[in-house]
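Peer 1: Sequence:
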Amino acid sequence: MTTATLPRIPADASDELLRKLHVEAVWNVPLTERRTCPTHLQWRDRCAQLHVKEMP
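Counting in the working numbering, the sequence shown runs from 79 upward without gaps.
Keep in mind the hints are simulated off the structure, nothing from the lab.
Where hints are given, some of them may not hold.
As the list claims (entries may be wrong) - List of simulated lysine to aspartate or glutamate pairs, DMTMM-like, C-alpha gap at most 25 angstroms:
id : residue 1 : residue 2
1  : LYS98     : ASP123
2  : LYS131    : GLU111
3  : LYS131    : GLU102
4  : LYS98     : GLU111
These numbers were taken from a predicted model, which means no experiment stands behind them.
Please construct the entire structure, taking both the sequences and the accompanying hints into account.
Peer 2: What follows is the structure in structure tokens.
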């Protein structure tokens, strides 16, 4: 049996990033309007290349 791996906050996360992640989650901000990425626990512009869909 395997256990799910939970995302971890980066060691260099700023207080501003942590606060914004929390606020956007609590306020249920739509993913398209978020400035943070709940998947990668990072600012959206820093992981944007991971969200690009490949063209067929």
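Peer 1: Would you list, in rising numerical order, the hints stated earlier that this structure does not obey?
Peer 2: none
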